[in-house]
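Visitor: Read off the chains here:
2 protein chains.
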Amino acid sequence: MAVLHNDIFLRALLKQPVEYTPVWLMRQAGRYLPEYRATRSKAGSFLNLCHDTQLATEVTLQPLERFKLDAAILFSDILTVPDAMGLGLHFVEGEGPKFVHPLRHEDDVSRLRVPAMDKLRYVFEAVKSIRQALNGRVPLIGFSGSPFTLACYMVEGSGSRDFRYLKTMMYSRSELLHQILTINAETVTQYLNEQIAAGAQAVQIFDTWGGILSDACFAEFDLPYLQQVISGLIREAQGRQVPVVVFTKGGGLWLEKLVQSGADALGTDWTINLQQARQRVGHKVALQGNMDPFTLFGSKERIYDDVKRLLADYGHGSGHVFNLGHGINQYTDPEQIKYMVDTVHHLSVAYHSN
Amino acid sequence: MAVLHNDIFLRALLKQPVEYTPVWLMRQAGRYLPEYRATRSKAGSFLNLCHDTQLATEVTLQPLERFKLDAAILFSDILTVPDAMGLGLHFVEGEGPKFVHPLRHEDDVSRLRVPAMDKLRYVFEAVKSIRQALNGRVPLIGFSGSPFTLACYMVEGSGSRDFRYLKTMMYSRSELLHQILTINAETVTQYLNEQIAAGAQAVQIFDTWGGILSDACFAEFDLPYLQQVISGLIREAQGRQVPVVVFTKGGGLWLEKLVQSGADALGTDWTINLQQARQRVGHKVALQGNMDPFTLFGSKERIYDDVKRLLADYGHGSGHVFNLGHGINQYTDPEQIKYMVDTVHHLSVAYHSN
Chain A
85 MAVLHNDIFL RALLKQPVEY TPVWLMRQAG RYLPEYRATR SKAGSFLNLC HDTQLATEVT
145 LQPLERFKLD AAILFSDILT VPDAMGLGLH FVEGEGPKFV HPLRHEDDVS RLRVPAMDKL
205 RYVFEAVKSI RQALNGRVPL IGFSGSPFTL ACYMVEGSGS RDFRYLKTMM YSRSELLHQI
265 LTINAETVTQ YLNEQIAAGA QAVQIFDTWG GILSDACFAE FDLPYLQQVI SGLIREAQGR
325 QVPVVVFTKG GGLWLEKLVQ SGADALGTDW TINLQQARQR VGHKVALQGN MDPFTLFGSK
385 ERIYDDVKRL LADYGHGSGH VFNLGHGINQ YTDPEQIKYM VDTVHHLSVA YHSN
Chain B
85 MAVLHNDIFL RALLKQPVEY TPVWLMRQAG RYLPEYRATR SKAGSFLNLC HDTQLATEVT
145 LQPLERFKLD AAILFSDILT VPDAMGLGLH FVEGEGPKFV HPLRHEDDVS RLRVPAMDKL
205 RYVFEAVKSI RQALNGRVPL IGFSGSPFTL ACYMVEGSGS RDFRYLKTMM YSRSELLHQI
265 LTINAETVTQ YLNEQIAAGA QAVQIFDTWG GILSDACFAE FDLPYLQQVI SGLIREAQGR
325 QVPVVVFTKG GGLWLEKLVQ SGADALGTDW TINLQQARQR VGHKVALQGN MDPFTLFGSK
385 ERIYDDVKRL LADYGHGSGH VFNLGHGINQ YTDPEQIKYM VDTVHHLSVA YHSN
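Here the protein sequences line up with chains A and B, keeping their order. Per our numbering, the first sequence runs over residues 85 to 438. Per our numbering, the second sequence runs over residues 85 to 438.
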């Protein structure tokens, strides 16, 4: 493997000294880029793009050609996991992902198994190929959905506004949901460890739907399974620590609980003030985030002011990875992103001087 | 006006001693009730139902016949206000509310005015009629959307997953959004004062979309307009204080800021732990909430346990109004609601003994 030229992202996640605040963006390889749309069209479908090692590598590197990002993230989807479990993933244009076989009844749940990792080999091949293509330029982030977020899709069979089926199971047959979550946690652990073995230098667990839970249900159905996954992860590879980021969207009220997940860093959405977040988590974890993706629809002055405010909110010292509070919107102008990334690098130097 | 027989809801909002914890439910007059569906079908459309004084009175009282609720809430919709402003409200089956003339451009905004309250007379007539029909049984709650939440619908032209148009205006032409919010705040103030004059004994401001904002934008685009409205409200009528409740869905991180709105009570969704919420707001406001509406899809044991936990979380003394953390889901079994309401009354007595 090539020597890592820019390890600032990994150092920031571990709160080691850095020269500036690193930045990457959730969904940085995506539809807002014309070159992504071209490759996507070549692939024929989103799933083909995930399955094709060469094309997945291509789109992963596209944003790095445009912006001075400090990390690359594997191009894939969190739903590859339930797909490997046999739930039958497909995408309906304009409606998002659907599963042919959602888990609604006891019978569905009793048939669920940890899938053979061989079914996800194409993901690990993509990790290897991207690492090679990156050639030490920046670190590669692997990822998975959280056990709970995967369960949301698996029970509901799609995205949802209210997650009625999931919540009905949660409140009426909680033992079935726990059974799913136990299998998901074991699967996610193996899945992330295989990504790390293939070359992922950090991993992020996307807990996209954790925020739909009540305070009590978060403690019962989400946090313990995050802990189970993280405690089973390989935390060192090729002589370096492999940092773990957990991002619970809408989880701002539970930062203290999320610290107990065992993660090195917590992702934050834009509803949280970073100064308060830092006070609440203390020295225990780094923070990632948290600009509203729609700020990029504003004027350059607004972007500048928001970058400045977010950096000031976090304040002096290492432990902040700049990011959006959610994925980039598909209608974002790439020029605005370039301006934002450069502004983060430029303005953040002052927060890391001695 | 008839003497108020059950004023426990009003006393709880003002943190005066009560014998048990009062309970009402957001969207308690609604589609989950077969008798509501019958009246709705007689009316022909949802808007007709809002416009017809007699039918609006009928549906407002329906849940009180089934459950021992401690308050009634005016049957209406927060979108009556932008409709009166000339935006052209209509409902598309299965898609929710839409406006024919959303506010997208400077010209749209410059034409916006505080509407003549006469256009909302049907709402005030409904308030009078319901007060008469209640005959002092329980207090009547009037309500409005918050200036910000109304602006979300007015700019977007409908509900939205990401509020792209609203946020684009917020980040690129903030002065236009401030202009809308200023007009909305004046309108909401007049609207609620007319409801109070017509007989509303408490008012609730639904800030349904406040939670989509960043911490900084909540402080700039939402809170000041809540303050403007509340400072302009008539706070006493017929010799009694008229309590004001603000419910910012997803606003759990901002409770301390919301205390500064001037409200007597804050609504809370189910993501907030009530014990922590009470510690954070201190003696300044009462709290309303916050059971996940889908708990009602669970077993009776689960409902019992959740009621017990929520009452224990708030703890001893007045200042808690039991409610859901969001409107009742349309598929809820009314029997479950009855059980919940009775359980709240039964178990809460212990928290109000001397």
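Hint data in this document are derived by calculation from the structure and do not stem from the laboratory. Please note that a few of the clues may not be correct.
For chains that are exact copies, the list does not tell them apart, and a pair is met inside one copy or across any two.
[To be verified] Computed cross-link-like contacts, DSS-like style, restricted to lysine-lysine with a CA-CA straight-line distance of at most 30 Å:
{"no.": "1", "residue 1": "Lys392", "residue 2": "Lys333"}
{"no.": "2", "residue 1": "Lys182", "residue 2": "Lys99"}
{"no.": "3", "residue 1": "Lys152", "residue 2": "Lys126"}
{"no.": "4", "residue 1": "Lys333", "residue 2": "Lys182"}
{"no.": "5", "residue 1": "Lys422", "residue 2": "Lys392"}
{"no.": "6", "residue 1": "Lys212", "residue 2": "Lys392"}
{"no.": "7", "residue 1": "Lys99", "residue 2": "Lys203"}
{"no.": "8", "residue 1": "Lys384", "residue 2": "Lys341"}
{"no.": "9", "residue 1": "Lys126", "residue 2": "Lys341"}
{"no.": "10", "residue 1": "Lys212", "residue 2": "Lys384"}
{"no.": "11", "residue 1": "Lys152", "residue 2": "Lys203"}
{"no.": "12", "residue 1": "Lys368", "residue 2": "Lys203"}
{"no.": "13", "residue 1": "Lys152", "residue 2": "Lys368"}
{"no.": "14", "residue 1": "Lys422", "residue 2": "Lys182"}
{"no.": "15", "residue 1": "Lys182", "residue 2": "Lys126"}
{"no.": "16", "residue 1": "Lys126", "residue 2": "Lys384"}
{"no.": "17", "residue 1": "Lys152", "residue 2": "Lys341"}
Visitor: Against each hint, give a clear statement of whether it holds in the structure.
Guide: Going down the list of hints, with the structure as the test:
no. : hint             : verdict
1   : Lys392 to Lys333 : both (23 Å within a copy, 28 Å between copies)
2   : Lys182 to Lys99  : neither (39 Å within a copy, 48 Å between copies)
3   : Lys152 to Lys126 : within (26 Å within a copy, 63 Å between copies)
4   : Lys333 to Lys182 : both (21 Å within a copy, 28 Å between copies)
5   : Lys422 to Lys392 : within (16 Å within a copy, 53 Å between copies)
6   : Lys212 to Lys392 : neither (37 Å within a copy, 52 Å between copies)
7   : Lys99 to Lys203  : neither (36 Å within a copy, 60 Å between copies)
8   : Lys384 to Lys341 : between (37 Å within a copy, 29 Å between copies)
9   : Lys126 to Lys341 : neither (44 Å within a copy, 51 Å between copies)
10  : Lys212 to Lys384 : neither (38 Å within a copy, 52 Å between copies)
11  : Lys152 to Lys203 : neither (34 Å within a copy, 56 Å between copies)
12  : Lys368 to Lys203 : neither (36 Å within a copy, 57 Å between copies)
13  : Lys152 to Lys368 : within (28 Å within a copy, 48 Å between copies)
14  : Lys422 to Lys182 : neither (34 Å within a copy, 36 Å between copies)
15  : Lys182 to Lys126 : within (23 Å within a copy, 38 Å between copies)
16  : Lys126 to Lys384 : neither (34 Å within a copy, 54 Å between copies)
17  : Lys152 to Lys341 : neither (34 Å within a copy, 37 Å between copies)
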